[in-house]
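*Asks:* Heads up: the sequence lines are chains X and L, in that order. The numbering of the first sequence is my numbering, which starts it at 1 and goes up by one. The numbering of the second sequence is my numbering, which starts it at 200 and goes up by one.
If you're looking for bench data, these hints aren't it; they were derived computationally from the structure. These figures come from a predicted structure and were not determined experimentally. It is possible that some hints are incorrect.
As the list claims (entries may be wrong) - Taking lysine to any residue pairs in the SDA-like style, the calculated list, with each CA pair at most 25 Å apart, reads: (1) K293(L) <-> D115(X); (2) K303(L) <-> L19(X); (3) K293(L) <-> H9(X); (4) K84(X) <-> T413(L); (5) K293(L) <-> D189(X); (6) K293(L) <-> D245(L); (7) K303(L) <-> F24(X); (8) K84(X) <-> K303(L); (9) K84(X) <-> G274(L); (10) K303(L) <-> G230(L); (11) K293(L) <-> F24(X); (12) K293(L) <-> L4(X); (13) K303(L) <-> D115(X); (14) K84(X) <-> G230(L); (15) K303(L) <-> F178(X).
Said to hold, decoys possible - Only some residues are given here: those of chain X computed to face chain L with a beta carbon under 10 Å: (16) L19; (17) P20; (18) T37; (19) D39; (20) P41; (21) T73; (22) T117; (23) P121.
Where is the CB? At the ideal position from N, CA and C, for every residue including glycine.
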Amino acid sequence: MATLTPGFHGHRRTRGDRLPPGQFRTEDFPVLSAGPTPDIPLDRWEFTLTTESGEQHRWNWEQFQALPQQDVTTDLHCVTRWSKFDTRWRGVSLDTLLADVTTDARYALAECYGDYTTNLPLDDLRGGRAWIAHTYDGAPLAAEHGGPARLLVPHLYFWKSAKWITGLTLGRTDRRGFWEQLGYHDYGDPWREQRTWTD
Amino acid sequence: MTDWRRAELRARTPESATARTLYLTVDGWPGHLPGQHVDVRLTADDGYQAVRSYSLSAPADGDRIELSVQPAPHGEVSPYLADDFPTGAAIEVKGPLGGWFVWKPGRPDPVLLVAGGSGVAPLAAMLRARLDLGGDVPPFHLAYSLRDPGQRWFGPLLDGIAEAEDPAVTVACLYTRAAPPGHPRPVGRITAADLDLPGFRPADGPLAFVCGPTAFVERAANLLVHLGHRPDRVRTERFG
Ligand SMILES: Cc1cc2nc3c(=O)[nH]c(=O)nc-3n(C[C@H](O)[C@H](O)[C@H](O)COP(=O)(O)OP(=O)(O)OC[C@H]3O[C@@H](n4cnc5c(N)ncnc54)[C@H](O)[C@@H]3O)c2cc1C
Numbered sequence: 001m002a003t004l005t006p007g008f009h010g011h012r013r014t015r016g017d018r019l020p021p022g023q024f025r026t027e028d029f030p031v032l033s034a035g036p037t038p039d040i041p042l043d044r045w046e047f048t049l050t051t052e053s054g055e056q057h058r059w060n061w062e063q064f065q066a067l068p069q070q071d072v073t074t075d076l077h078c079v080t081r082w083s084k085f086d087t088r089w090r091g092v093s094l095d096t097l098l099a100d101v102t103t104d105a106r107y108a109l110a111e112c113y114g115d116y117t118t119n120l121p122l123d124d125l126r127g128g129r130a131w132i133a134h135t136y137d138g139a140p141l142a143a144e145h146g147g148p149a150r151l152l153v154p155h156l157y158f159w160k161s162a163k164w165i166t167g168l169t170l171g172r173t174d175r176r177g178f179w180e181q182l183g184y185h186d187y188g189d190p191w192r193e194q195r196t197w198t199d
Numbered sequence: 200m201t202d203w204r205r206a207e208l209r210a211r212t213p214e215s216a217t218a219r220t221l222y223l224t225v226d227g228w229p230g231h232l233p234g235q236h237v238d239v240r241l242t243a244d245d246g247y248q249a250v251r252s253y254s255l256s257a258p259a260d261g262d263r264i265e266l267s268v269q270p271a272p273h274g275e276v277s278p279y280l281a282d283d284f285p286t287g288a289a290i291e292v293k294g295p296l297g298g299w300f301v302w303k304p305g306r307p308d309p310v311l312l313v314a315g316g317s318g319v320a321p322l323a324a325m326l327r328a329r330l331d332l333g334g335d336v337p338p339f340h341l342a343y344s345l346r347d348p349g350q351r352w353f354g355p356l357l358d359g360i361a362e363a364e365d366p367a368v369t370v371a372c373l374y375t376r377a378a379p380p381g382h383p384r385p386v387g388r389i390t391a392a393d394l395d396l397p398g399f400r401p402a403d404g405p406l407a408f409v410c411g412p413t414a415f416v417e418r419a420a421n422l423l424v425h426l427g428h429r430p431d432r433v434r435t436e437r438f439g
């Protein structure tokens, strides 16, 4: 039997409690998306929360900026195996956006410019674990990284943190999003390496 | 995670002074579509492992796969694959992966391939699958941005396409630093003119595949959108 990768030593960069299995640490901020970067003027930007009964809650850019803002420092884990530590964001907590919304839904589908979607359990958007972020490292979030605003759910693989978000639709059943239909995991916990359907 | 397969290195050939194509055989390989990639896992003697993604640069062919690797300076994985990994030894691969950046032979739409540097790898698989089909539909064009003639990968494939002079399958090399003598296009980065091609305009309903380093993909995909291509018809893969 042939030997496996003889002579490979590796770099063994920073490991430890903060790096989930199969990830390596990067200092860059790689860009991943399925298509071109959209150009979204702020005067046309809108965020819409739709409940399972069809009730809608809307915020334009000005109303959104008037909501209580939070600063978040967090680690990111991308399914393509890079992790980036101590990223700094500013945005509105989903707890704030969901505060006046009556719902029995268990799931949320994030919808975006360019028809990208991703599905998450609604519980994962509560409890100070999810934001709609518009500022990265002290500057307006660049379009290639999801600006004007993206979902930020750092405890799940980063494709769940949908770029260019336009809204969330809540539902009683789980509907698969874009990558999830193409074979990626419905939940995507980096610590359990839930990358694809078979994981 | 159980689906890692052993892949044995059969041969390695140069694509440029530094880049190499690896010919591997994989136990139980299920086949793949042009555009898909694999995760490659390397294991050191003490169990330390590193994983990176590499595109499949040839269409499915039994248990054989090809990966084309540009060694990154000081990179952890790519210099090992390009230079040190001995013939007859094995790595582990997982895949095929990716269900979006794929071309399914049989689709009628014209296909515009846009490559920056090593981003040509998955597009070469699409181009070869198209040549295997024969005939004059669908039209294919590869716009291949590269630094200089020494960086041109897949020479025999691209030379064969140039010599065939088949209007259905064409390639244009877009040199950014130095071009061969007599090359018609001025040296420089990709522009809208390089992508504004009869038969591949938005009205022709082409599907575009753009692959390469992030900055290149951003630029080329934005050029396509400004030319009027629908964003959902422009599929992108960013290498890092
Ligand atoms: C879907 C997909 C498909 C891909 N397909 C291909 C393909 O077909 N062919 C291909 O060649 N690549 C491909 N890539 C890129 C590939 O996965 C790797 O990212 C690439 O080979 C670099 O890996 P590495 O381990 O050699 O470098 P890494 O060790 O990950 O380093 C990355 C970069 O950091 C720099 N760096 C590393 N260590 C240091 C240091 N100590 N100091 C300074 N700089 C440092 C390196 O120079 C390098 O440029 C693909 C990527 C993706 C996501």
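*Asks:* Hint compliance check: list the failing hint numbers for this structure, sorted ascending.
*Replies:* When the structure is compared with the hints, numbers 1, 2, 7, 8, 14, 16, 17, 20, 21, 22, 23 turn out to be violated.
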